[in-house]
Amino acid sequence: MPDSGVGDRLARREDKRFLTGKGRYTDDINRHGQAYAYFLRSPVAHARLKSVDTAAAESAPGVIAVFTGKDMEADGVGSLPCGWVVTDRHGNPHKAPPHFPLVRDKARYVGDHVAMVIAESLGQAKDAADLIELDFEELPAVVDIMKARGSGQIHDDAPENLCYDWELGDSAAVDEAFAKAAHVTKLDLVNNRLVPNAMEPRAAIGEWDPGTEEYTVYSTSQNPHLLRLILCAFVLNLPESKVRVIAPDVGGGFGSKIFAYAEETACTWASKKIGGRPVKWTADRGEAFLSDAHGRDHVTHCELALDADGRFLGMKVDTTANMGAYLSSFATSVPTYLYATLLAGQYTTPVIYANVKAVFTNTAPVDAYRGAGRPEATYVVERLVEVEARETGKDPAELRRLNFIKPDQFPYQTPVALQYDIGDYEPSLDKALEMIDYKGFGQRKAESEAKGKLRGIGLSAYIEACGIAPSAVVGSLGAGVGLWESATVRFNATGTVSVMTGSHSHGQGHETTFAQVVAEKLGIPYDNVEIVHGDTGRIPMGMGTYGSRSLAVGGSAIVKACDKIIEKSKKIAAHLMEASEADIEFKDGQFTVAGTDKSKAMAEIAFTAYVPHNYPEGVEPGLDETAFYDPLNFTYPAGVHVAEVEIDPDTGITTIADWVAVDDFGNVINPLIVEGQVHGGIAQGVGQALIENTVYDRETGQLLTGSYMDYAMPRADNFPSFRVETTVSACTHNPLGVKGCGEAGAIAAPAALMNAITDALGVEIDMPATPEKVWRAAQSRLQQAAE
Amino acid sequence: MLTVSMTVNGKQVSKEVEPRTLLVQFLREQLGLTGTHVGCDTSQCGACVVHLDGTSVKACTLLAAQAEGAEVTTIEGLAQNGELHPMQAAFKEHHGLQCGFCTPGMVMSAVDLLKHNADPSDREIREWLQGNICRCTGYHNIVKAIQAAAQTMRG
Ligand code: FES
Ligand code: FES
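The listed protein sequences correspond, in order, to chains P and X. For the first sequence, position 239 (counting from the first letter as 1) is numbered 239 according to this note's numbering, and the numbering increases by one without interruption. Converting from the second sequence to this note's numbering requires adding 787 to each position, the first position being numbered 1.
What the hints contain is simulated information worked out from the structure, not anything from laboratory work. Check each hint, because a few of them may be wrong.
Partial list, computed: chain P residues near chain X (C-beta under 8 Å) [said to hold, decoys possible]:
no., residue
1, 20
2, 146
3, 393
4, 395
5, 721
Backbone N, C-alpha and C define an ideal beta-carbon position, used for all residues, glycine too.
With these hints in hand, go ahead and build the complete structure from the sequences.
Here it is in structure tokens:
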């Protein structure tokens, strides 16, 4: 197959529709007779509702219905669940207060859903919402996570606003290691709160068919099957067989579209309440800021102990993590199993102890955002290592090298539960140092200084755990779902192939990559393979896309289904060629009888399977196979990013002078797409480190950064071009040898950039390194130098 | 209600609209041209960029009535006779898009840039794109695609 198999830089087939304006995003869909929903949101952070008077709104022009939490309660609507139960230090499950789609007793953050207005037009719905009279008793807002435990209680069943106090690792062993240390580095770190900001705002259409009593939900979801499961089993109490969720083209997710939200739930429920008219809701950007699940938001104290030779002896980490006002779908797993388990990084640190306290505050719920826990872990490890190197006068690259897990130590059991199957860290480090010309840095620094500028260099040797798995293990750790993936590979009689995958593409290019895999595997033309995703009505089952799992888990399911196709085809080929099945060989789309020149093409077999006039006995007609793949382990992509910055001490502006990334993603199917994923990840990581920050007013809990006027989004001129390379140690336990690449950049980048900036400044500052903060730090340094 | 008339992608259109209707709403809701997107409510993201009499504008920042009598080109009108415009082709070839949501606005902005500056530097491209936010690509491949298109269009 020319240039369309595994390893080829194939331009994406989905691009044509996006480039010509023919993409079909949820808001582009309009259903016959649809009505428009608008949500009245709480204007205050914390209040007890006394009454919600909807009478005037109900009689406003164009209004079809107004609903409140009371209506949902009367109808038996349940709570939005959190799907991962974390067991605390004392063996108790985390506190899981109810999270109703429309509030019933209290509003708990600015933007919380108080009422839903449905009208003939959006304008009418908004106008009517203005007429709703709210009577509430305002309560003090809990905003600062370090003070949350001593503040007024947000949920009756969560004393001290504590969701859980969780630990991992052997605290006594760590204390012992620290007692023997030659040097201990201590750091206080803030992992700033971010708003994911996929460019397509969330949207939903709920539609109930009074004839069939079936629901159809169009939603901007990263995982339509999971959304269906949550809607049916937890919130609306419906049979899954009566609900179809369609996630059409989705304009980016980065985690924020994994979760089941109030709005799609309410639209689905409301459509039946108003007799079956479709109910459409599209967030405006302001609503997205208020009500999308946010990311990160940790405060951490951490310590790393070294022996006299520079070997890591132990690590202690104490983190407080913000859950926001309610638990979003997977919130509890992020600062625990996706965070503390990664604290070994690429190193042989023998003992690690982490204590994580998760608290409720009167802010929007916090959940997985690109990297989810792993950027926070990498930030802790890689900032500690860098500062330790500075404090002990060691070269940061060499300190890392000394402590790397060596290739012959794999599989490597870390002290924080994970077992890395494979890795080879030095080649990535060497390549990155060479690309950035590490040796020439001194010269470049001198040149910058001659111009009155500060220059710094920073490394980040990250690791991540992707393709979250296996189901039995995550189940034992509290996950409420299985984390397999499914695929159906269906030959059509004429030789084209439809592949139904439970993974969901919202920018990742599955329609191209997956087709490359199938074309190569079955030896058929790439153009004959069609990838179908994002519709529970067309795809048997699925777990969706997050955690860089699509290729490692979803791709593996596709390979397994292809294997079943080949197995069955061999039986048919053997019959047609009058040979024994054991003698049939398959290569490049041809079935041959070993040692003869007899052969049959894949397409012929497919045709025979559907027109089985001459057919083996006992074999079913058709060529259509489904496989489920449950991985044996996580995959462990790793790599080294190096950032070089130049800072103008007069303005505080940081310019990224250079960026190199060397990543080991295992085997790569489409390098063009993989590089794009790395670029995008770096940009989000740089955004976090340099400019992005979510600020709530400390007193009132009002969101102060609620638009693109106040929340700094990275723009084209914030970046240089990136230089991106890969090394390969193939994953040992999935059939493609792939690891995942979607989150690496966002995981590696913040530590690399902050290491570079603090190297230039010579003092510690927290993210984001805004010009004001950098300027103050630079000025205080200059002053000190002058004194 | 008032009647607005304009030429959109070469076709004369005339519709009754509420006076407060934005150009982007007119295109998406009245004409069904959903290629022009809405990514924000503060005129910052550029997902809505179209050409008005040959110049890029943010269609969320203009009333439909302000486009009375104008020639409007949207992303749907850029490809000619089924052939991608060189900018569209370059975005595809260089993977200048991922989720595709910012893409129509990016492409329309970039086409306008090259009208002003046929041979821009990377820096000039990045500065021109300040009004277009992309959350997916990190801009690297967008800059590359625009450079490639510029080269093709210079011939
Ligand atoms: S929609 Fe964001 S600038 Fe127009
Ligand atoms: S491609 Fe997704 S926002 Fe640009």
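Original post:
Which of the numbered hints are not met once you compare them with the structure shown?
Top reply: 2, 3 and 4
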